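Model the full assembly from the supplied sequences, consistent with the hints where possible.
Read off the chains here:
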Amino acid sequence: MQFTAHELGLMLNGTVEGDPLVPVNQLAKIEEARAGSLSFLANPKYEQYLYTTEASVVIINNDQVLAEPVKSTLIRVPNAYSAITVLLEKYNTLKLHKTGIEQPSFIHPSATVGENVYVGAFAYIGPNVKVGNNCKIYPGCYIADDVILGDNVTLFPGVKIYFDCILGNNVIIHSGTIIGADGFGFAPAGDGTYAKISQIGNVIIEDDVEIGSNTTVDRATMGSTIIRKGVKLDNLIQIAHNVEIGSNTVVAAQTGISGSTKLGENCIIGGQVGIVGHITLAKGTQVQAQSGVSRTLKEEGKRWMGSPAFAYNDHMRSQIVFSRLPALEKRIDELEKIIKELTKDVH
Amino acid sequence: MQFTAHELGLMLNGTVEGDPLVPVNQLAKIEEARAGSLSFLANPKYEQYLYTTEASVVIINNDQVLAEPVKSTLIRVPNAYSAITVLLEKYNTLKLHKTGIEQPSFIHPSATVGENVYVGAFAYIGPNVKVGNNCKIYPGCYIADDVILGDNVTLFPGVKIYFDCILGNNVIIHSGTIIGADGFGFAPAGDGTYAKISQIGNVIIEDDVEIGSNTTVDRATMGSTIIRKGVKLDNLIQIAHNVEIGSNTVVAAQTGISGSTKLGENCIIGGQVGIVGHITLAKGTQVQAQSGVSRTLKEEGKRWMGSPAFAYNDHMRSQIVFSRLPALEKRIDELEKIIKELTKDVH
Amino acid sequence: MQFTAHELGLMLNGTVEGDPLVPVNQLAKIEEARAGSLSFLANPKYEQYLYTTEASVVIINNDQVLAEPVKSTLIRVPNAYSAITVLLEKYNTLKLHKTGIEQPSFIHPSATVGENVYVGAFAYIGPNVKVGNNCKIYPGCYIADDVILGDNVTLFPGVKIYFDCILGNNVIIHSGTIIGADGFGFAPAGDGTYAKISQIGNVIIEDDVEIGSNTTVDRATMGSTIIRKGVKLDNLIQIAHNVEIGSNTVVAAQTGISGSTKLGENCIIGGQVGIVGHITLAKGTQVQAQSGVSRTLKEEGKRWMGSPAFAYNDHMRSQIVFSRLPALEKRIDELEKIIKELTKDVH
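Protein chains in written order, with the working numbering: chain A, 52 to 398; chain B, 52 to 398; chain C, 52 to 398.
It is worth saying that the hints were derived from the structure and are not from the lab. Predicted model, so just to flag it, every value in this text is computed and none were measured. Among these hints, one or two may not hold up.
Just so you know, same-sequence chains aren't split out, so a pair can sit in one copy or run between any two.
In silico EDC-like links for lysine to aspartate or glutamate, alpha-carbon gap of 20 Å or less [what the hints assert, rightly or not]:
id, residue 1, residue 2
1, Lys149, Asp197
2, Lys247, Asp258
3, Lys395, Glu385
4, Lys391, Glu380
5, Lys149, Asp202
Here's what the structure looks like:
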């Protein structure tokens, strides 16, 4: 996609200074911008780059005084930062504006699809599925029997949703994420083999949830695995069967949450964290990256670290001593030697 | 899917008490059930919930005595727990009952497909592939040249199997899992760059294996990566080239096993474990979550923990002292001070 | 695929000794080979297996003297190791030789596709996409609007590339990997909820990069996430928004690199490593598996370990003392007891 400075000026109600016909086709930071880039100067701290940038077009504040000559075409607006935010959203909307049913796609006759919906080629919408209004089902998605999608749901290419799952409104799921596969449930059969336990629950994802790429959210054995309103999950996360994640909790990439564990609201969980099954984390709990949580955490708003995790500050202190362990051991050796001498002296 | 209490009573040979026409469309635990749910009471410990549950229908034992009035419709059976197990399996079978070849799908003319097979839309079955009887190939699966699938294999949507791989009978693979991609093999070329080593082996998956979602099992450089009979792998696991996993070994989510390592039979490996390459783990080895195994473990049936891992009990003891390290250091400071005083006194 | 000893002899300009019509359909190590296998003897250390192997055909050096009778058909060549390398590459090329546009596939009329390209069934090539010459787009891949692919790019089945991303020449991406999904960017809205920050940058992947299966590389918030020339990424890796990975750096499976972090050239990063955001790792940095890097590492070519990571050798020493912590604590107890006795004596 390409715009001229003139076109951008019109979109932003701004004043163009310099060549109005210069085209830009990408957005870049002012210090990294090359020819063909649009950039902006909102923070006076970066003013120096205005005089050296290779950006073809720079958006600046109306009241920006030029201390030196500028090569770029300028667009003056009341607030450069707001202007760029508006542009970002417009650009994103343009890129993600898809509508209509592409062919070939598979929509089962018993499925119902709302208004203004995009169904990409090779998408599969199974029996009795309900898709709300303004949903975008990108190419290669799979929606199994009896799944319900609210309004304004976006499933990026290749999302797979197993039968009976329920998604609320404004849910965004990125490519390759799997919702509702079987939980990892097997019963030892006594002879060393395992018998599969049928996993017949589902996954419920409430409104305003966003889930990254290649994450897996398993269906409940019975009942529901629940992702509450406003939760944000990053990429490559494992959510096991019957887990419940409280509203507005944020989980970073590659974290794993084991079966039947419940996270409170507004928790912040770092990347590569492991949380064992059948425990509860209080509201507002924060867990540092790579930690392992092995027991219920009852106090609200506390910060944890380590594997197994304990209080963040205490862990930091232990960690510092850990790095001096060889010295510590030598000091003990030394003490023992002296004591030996002393006790020889004394006795 | 929806059933009335009457229909369920017939399916279970049970006696209905209460409204036989009340419909249920999901299964829930008795303490969480809402209107429209079917629940059950098998464990007397939960009897209290029988009198407060919102479940529309509850399955109970014939000999269950009612201490208080019950709102739900009841279905009495000889054994509530067995009845629910039967129902779970029936429900699951109904949901997963798919058959026939959906269009559009791609089946190469040289491929052979057994009887009673389901091939979903957008599935791809390549040249010379052999698919056994009663297999289910869900939408969007890809099966490359010369792959062989036994009988009763289920590939959930979007499973990809590279050329030459072999799957036994009753194998279940969940969505997004990749079987047989190239192992991570590169030879330093001397100038800082790396040359790719051709990965021309395959993956062999024996009977009764189940693999979760978005797991990756790489093909061998030469020979085979082997997943033995009855192995259960969870989600987001990495199995590198030439690994061999012994029968009935269970591996939890997000664990990684590096190249050419061999796990014995009936091992239990926790989540987020890392195991280095070219080592062997004895039969029955147990590894705690988040541990890192860096050497061959020869003793059978032992439990390991930590990164690098050592004996579970020893690690637990070290871990406890780790949390007191700052105090330990202070005690050494104190001892040194006293010794200094003492030696001043003495000399 | 199946070859006779005679056919292999012709391919390798070798001399066949024994039954020229014996067929082989797989390659195996000489010590593991079964009937139907082709094997080779390049290293004299393995000569013993030549006399016991079940391989149907073995490639040996011209000057190999037979100390005992051999059951297998032999093919003599000047250099058995080179011969097998040639065969591996030929085999791989045969298996991966795909060409033409399979149907049904989706190629937007505004896309341009180079010469000698393979587009598998159910692949999707969106508006304004440019695909170079000799590219292979396997079944079920998705390439969004305005993406540019260089020459000789291979996308294995189910790779998804979001809009605006750019791939250089000779890039190989394995199944299930997601390029250019939104970075994990959310701004706290003050009421506990989070507002999405539009992610409008892209991903740039330079020449000769290979990426494994089910890895995720997020697009930049603004600007580009950059994977430099010759980088090799394994499976299930998380690369966050605005990360930059220097040329010829190698990253093992399940590692995660957080937002805006920059890795230098020729780094070697182990598996399951976590690297925090907004830091820089110097050229040639090596990080041990499962480590956590929490700060900028400025010295080139140094090796790090632990979580948080510090110098490899120091960490190894601390780790050894860690395993003796319970004993260390007892020694301190003992010292305190003696001191107490002593000070009683003295005072």
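Outcome of the hint check:
| no. | hint | verdict |
| --- | --- | --- |
| 1 | Lys149 - Asp197 | between (25 Å within a copy, 14 Å between copies) |
| 2 | Lys247 - Asp258 | between (32 Å within a copy, 14 Å between copies) |
| 3 | Lys395 - Glu385 | both (15 Å within a copy, 16 Å between copies) |
| 4 | Lys391 - Glu380 | both (17 Å within a copy, 18 Å between copies) |
| 5 | Lys149 - Asp202 | within (15 Å within a copy, 29 Å between copies) |
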